[in-house]
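Student: If you read the protein sequences in the order shown, they are chains A and B. Sequential numbering from -9 applies to the first sequence in my numbering. Sequential numbering from 63 applies to the second sequence in my numbering.
No lab work stands behind these hints: they were computed from the structure. Heads up, none of these hints are tricks.
So the derived label-pair ranges between C-beta atoms look like this:
| id | chain 1 | residue 1 | chain 2 | residue 2 | range |
| --- | --- | --- | --- | --- | --- |
| 1 | A | T81 | B | D345 | 24 to 32 Å |
| 2 | B | T339 | A | G(-1) | 21 to 29 Å |
| 3 | B | Q359 | A | K(-5) | 27 to 35 Å |
| 4 | B | L386 | A | R101 | 46 to 54 Å |
Every residue, glycine too, gets a C-beta built ideally from N, C-alpha and C.
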Amino acid sequence: MASLKVYTGMLSVLKVHREKMLAAAGSGFSTATDLADYLVRKGLAFRDAHETVGKLVQHGLDVGKDLAGMKLKELQQFSGVINSDVFEVLTLKGSVESRNHIGGTAPRQVRDAVARAREQLDSGA
Amino acid sequence: MPVDFVTADGLNLMNEAKPWGGRFTEFTDAFVEGFTASVNVDRRLYKHDIAGSIAHATMLARVGVLSGKERDAIVGGLREIEAEIEAGEFEWRVGLEDVHMNIEAHLTERIGETGKKLHTARSRNDQVATDLRLYLREAIDGMCAELRRLQAVLLDLAEREAETIMPGLTHLQTAQPVTFGHHMLAWFEMLQRDYARVLDCRKRVNVMPLGSAALAGTSYPIDREYTAQLLGFDMPAGNSLDAVSDRDFVIEFVFVAALILTHLSRFSEELVLWSSTQFDFIDLGDAYCTGSSIMPQKKNPDVPELVRGKTGRVNGHLVALLTLI
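Construct all of the structure, not just a fragment, from the sequences and the given hints.
Tutor: This is the structure in structure tokens:
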């Protein structure tokens, strides 16, 4: 009981370092899955797309670049179906916004989920 | 009445006359008295014990076992004792074993012979089981309110940080970007299940053992439906043997408490990680951290760490209860 109470107080004053979180999210090839999904939309089978992106990540590790830091030509060496529209899916904002379904991480879904949850709390469920 | 008693060690104790002393010819050993007493633990049930006794006496008067005058003397005496306990003026006596006997003995000292009639058609077996259920019901209602307050804070945080992007981790490695608001909603969902669990547990807590007496029921013409109604129970327990021996509801409650704390322990692990120098994703307020006795630069996330410590204790209680039963 005391633990719940102390948590309520502690989270009420929690400060979030948004820039630090964003910077950390931008490293470590966090959009690799988005790139694989992009290749699938361009016609590749998911397993082949996974393999292609895996090779791209290996290349990135060798040259010290993240996916979003690579030139279009560099990306195209690994797959001919990649176009300039790829950079939209490689952004963090694009990545989270694309997960736009019930239970997904998109900001819109978070807001909808908050509204649903508040209704639930008001109804006593 | 207290009687002077000298132990083998020469300790001069006041040995209490026991309410069950009729078939005994020797005093309880002084060490055994301390060993068997529970009053230091169960005195916290005083409010529920008194509420149960008032309802019991009220029912006994309704069915004609007590007179209206006797009921009024008992109820009045119990209310005075309650006020005395709350004012910290009540003298708890280890020699009287437990909360029930302490209150009953004081009642008789206060109102005289009528006090001895309160225990008609009742045993400590059904009495303590009833007290415990009333106590837990109150604890559950308090817990529900606390859960809801924490959930509301999580929703505020989720809304405020709906657009905040953070790395979602698996195996402590960057996996996929997620929003911090989404992460807070994951915590919310865990507590939402806990809330449903605790409400479900309340259904099984809110059943009344009173009237089961020692184990077989009682020969007096009691009205259990009426007592249950007075105490806010959903129904009287259906079987006297089961009712006095059942502690499932305690185990269930402790399980729910253990799971809630396990959830808070998971949150704590993340808060400690996020507030570390290496991550630096969050700042826990100064009011919720402590310093180091040697390293001046430290701001330690003591609160989440201590919540983790408490989790171990409650999980231990759960195993202890499962083993005990």
